[in-house]
Amino acid sequence: MAVEKPQDGLRSYEEFRETLDHDYSDVSEYVELANDLRAVTKGDVRFDEYAQILYATDGSIYQARPAGAVFPRDTEDVKHAVRVAAKHDVPIIARGAGSSLGGQTVGPGCVVLDMTVYMDDILAVDADRKRARVQPGVVQDHFDEHAAQYGLKFAPDPASSNRATIGGGIGNNSTGAHSVRYGITDAYTEELKVVLADGSLIHTREVVLDSDEYDEIVSKDDREAAIYRTVRGLVEEHADEIEARYPDLKRNVSGYNLNKVIYENEAGETVINLSKLFVGAESTLGVIVEAEISLVTLPEETALVLYCFTDLLEALEAVPEALEFGPSAVELMDDEMFRLARESEQFSQYEKPIPDETEAALMLEYDSELHDDFEAAIGQTNAHFVDKGDAFEAIEAYTDADQADLWKLRKAAIPLLMGLKGDPKPYPFIEDATVPPAELAEYVEKFMAVLDDHNTSAAYFAHAGSGTLHIRPILNLKADDGIQTMQSITDDVTDLVLEHSGSFSGEHGDGLARTAFNPKMYGEELWSAFQEIKSVFDPDWRMNPGKVVYTDEDPTDMRENLRYGAGYTSIEPQTKLDFSDEGGFSHLVELCNGCGTCRQTDDVMCPTYRGMKDEIATTRGRANMLRAAISGEIPEEEMYSARFQDEVLDLCVGCKGCKSDCPTGVDLAKLKAETKYQYYEREGIGLRERLFGNIDTVSKIGSTLAPLSNVGQKLPGSDLVMEKVAGIASDRDLPSFKRESLQDWYATRGSRVSPTEADRKVVLFPDTYTNYCHPRAGKAAIRVLESAGVHVEIPDDVAPSGRAAYSVGMLDAAEERARTNIDLFTEYIEDGYEIVAIEPSDAVVFQDEYLDLVTTADAETVATHTYGISEYLDTYRLIEQLPFDETNETLSYHGHCHQKATGKDHHAVGVLRRAGYAVDPIESSCCGMAGSFGYEAEHYDLSKEIGEQLYEKLDESGGAPVAPGASCRSQIGDRDTRTEKPPHPIEKVNDLLSGS
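Under the numbering used here, the first residue of the sequence shown is numbered 402, with each subsequent residue one higher.
If you're looking for bench data, these hints aren't it; they were derived computationally from the structure. From a predicted model like this one, the values you see are computed outputs, not experimental measurements. The beta carbon of each residue, even a glycine, is placed where N, CA and C say it ideally should be. Hints are not guaranteed to be accurate.
Here are the simulated distance ranges between beta carbons [said to hold, decoys possible]:
1) E644 to E722: 57 to 63 Å
2) E1261 to S858: 31 to 37 Å
3) K621 to R530: 29 to 35 Å
Take the sequences, apply the hints, and build the full model.
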């Protein structure tokens, strides 16, 4: 069956920039090339400097400016683009998510074909045959989610599957933690449609040697015939060398797959299947435009057990024994990983079960297709490894939640390591060398000696069951000696790998990092065969040159085209915010390693990418643009240009999702606030920004003038005037004001629990929306708190939180408000009060951003004594003894991005459940309103598109929507004329209080 493309209707970046008045001129060197491409392709063509910067890097340590990027809509576009590139003698690179770690998708002066924007359809799934046809831009997790309805999945499972594409996986020959069970991508790639270097299209599949079909192919005088003849001839000529040189491993993704292109199929026929040769070829032989892949059944259940060892080498010696018990995965973690996790606020909860004396741990997974009784299977390994072996403890996990926690600990390795402060970083360049599992312990012991010889260290983790450990030496690649040390370590380690009959790459491919070492691995005879293969497919060597194979005249050097080289410098601007915890503004920018996690669709980050599906709307794209400015790659002044502000910074909604979801914690919301501030210092602040930055004052006036202020908003033409004068979207309903604010109501009513009789005391912060537009939430909070024996104060001299001013970059105003509130709150805290906020973004600004605005001990005190209302009730279990009426109502809970980013979001779910509701916490990103973002005319359509994704999840959940964020409730309420704004969770808690 064909599958509808899930991204239909997205607001494209092309449409967005048509609304802006900026210069998108092509870089002068490539004007003719760009114009020729536009003349023959239906897709977008971008050859301006921004596009070059955005596509100059990937997840690797490399950087090279391309000529530009083309976004093909179909196979014909690819064919035309390849032919035009040939006419101009320009290289071509096909690119998926750009998550590759070896530098496969970067190259100087090339035309990048971004296959992810339009060529991302699931064309068909044949459940009976366990086959599927897909376009190359399909994200693997999206495919697996669809295939799951048939009980199927695509077997290779790289850690990047939430953004990596199937086409990219084929180009790289990807795999993951379960290669012990399933092998790698080449085993599941059955047929391909590929555009060759001359623009011709071939269909690769099993062709029986010397059959009529084969004879017909090779009888022609065309490139396809030459390819078949050459490939067969080389494989047969070098059969003995292929047998001797290719390692006998579950994982080998170095070089071309000459050992797999001719084989005996299930029918006993000897076939040639060029699909196997394109797998792992890194688009050096052609551009894949369609793939037929084979699928496997989904195991219904799994179980995990983690064995703790007091010595790393003892753990590694246990790996071959572990494989005898039929696991589907065998993963390693070492003490450095555990130490970093223990010290990490984000991951410490997952490390808690690990005993302190653990130096290394092996994690084994079992699945229900191989084992009927998990407890019996784990009992056997417990007896072997704990009772009789070197492990001293076993941690068993049978529930989905417990297993998820262990997998999160295992997958925390990269973010923890890459988050190290300073220029030395654990870089990927020899991190996926693979040896037979039986030789792993000896190999690692010798690897340690290599690192000692070079005065560095590394962590040891990953896929021990297949002999692949991710060992990343810590080096400073901004220094020449660090670069030379990288080369020297690689020389030594590749010698070591050959000594153990291994592969230089068992997962991440050749790229710019390892191609130079392929002659060493395969020898002169097969290296010459690789060159012949390249030449018959691509006579002019224009398809992703320098990867997998190179010419003798132009050898690939791993030390060239580095993102950070010996000549790299960056400015450290004077900042308003405190960046000392991040090591400075520039270091925070440089924390982005390009892995592309911001292209995922299963966490908060990055909502505008989901709505626009363009690289410039990712955290990676923004960080790359900022890095270009601070490093002099583009003039520093460009950072303060209108285009940079509109397209790089203003498309960030400030959700803070990147602070938690980005593996290295690139806090783009903070970087945006600082850069916007510096921009305003130069250019002045616009009317709209002043209105939104001072929204508390505006709302106070609106409340004072209510209901006349509400009537004024409804007058014919008033919305158009607001859009014309202030840039506020005419289609967006503005909030209505209440004449009696929460503060006014409370001043009249007073507290019902005296401070002397109270169990606890709080200052309830009157945020702008609750105070002037929706006092009902504040009243509900007061009633619930007082029912729990809490004395509540609402000061009349409190300042606005500063959140609104901070979000638009008015940092002087934000600081002034922060200082006022810190002084006020500190006095209350000293008197035994806690600070409680109803609006999540205000709670988080007290807990987080105040520390960047005001670096005092009092600011720290306020941060540690501030809570969101649900967080406060949950932390102190204040509602457990309260009388609640029974209910059968189910709620669909949409959490606030800021609380998700700071790990506070779960509290509301717990409180609602204890009150008696059934709660479904939906896995949602930003609602799309994001404070003022959804009111801004130029962002309205994008805001609504992001909102549509939330509406879809709410519909799937089916419960009554509930959300703590004022912006979120407004966005949900603006869905259509029939939809009411959902309540705040505290209102639902109050509704069930007996006697309400």
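The hints, checked one at a time:
{"no.": "1", "hint": "E644 to E722: 57 to 63 Å", "result": "29 Å, violated"}
{"no.": "2", "hint": "E1261 to S858: 31 to 37 Å", "result": "33 Å, holds"}
{"no.": "3", "hint": "K621 to R530: 29 to 35 Å", "result": "30 Å, holds"}
Of the numbered hints given earlier, the model fails hint 1 alone.
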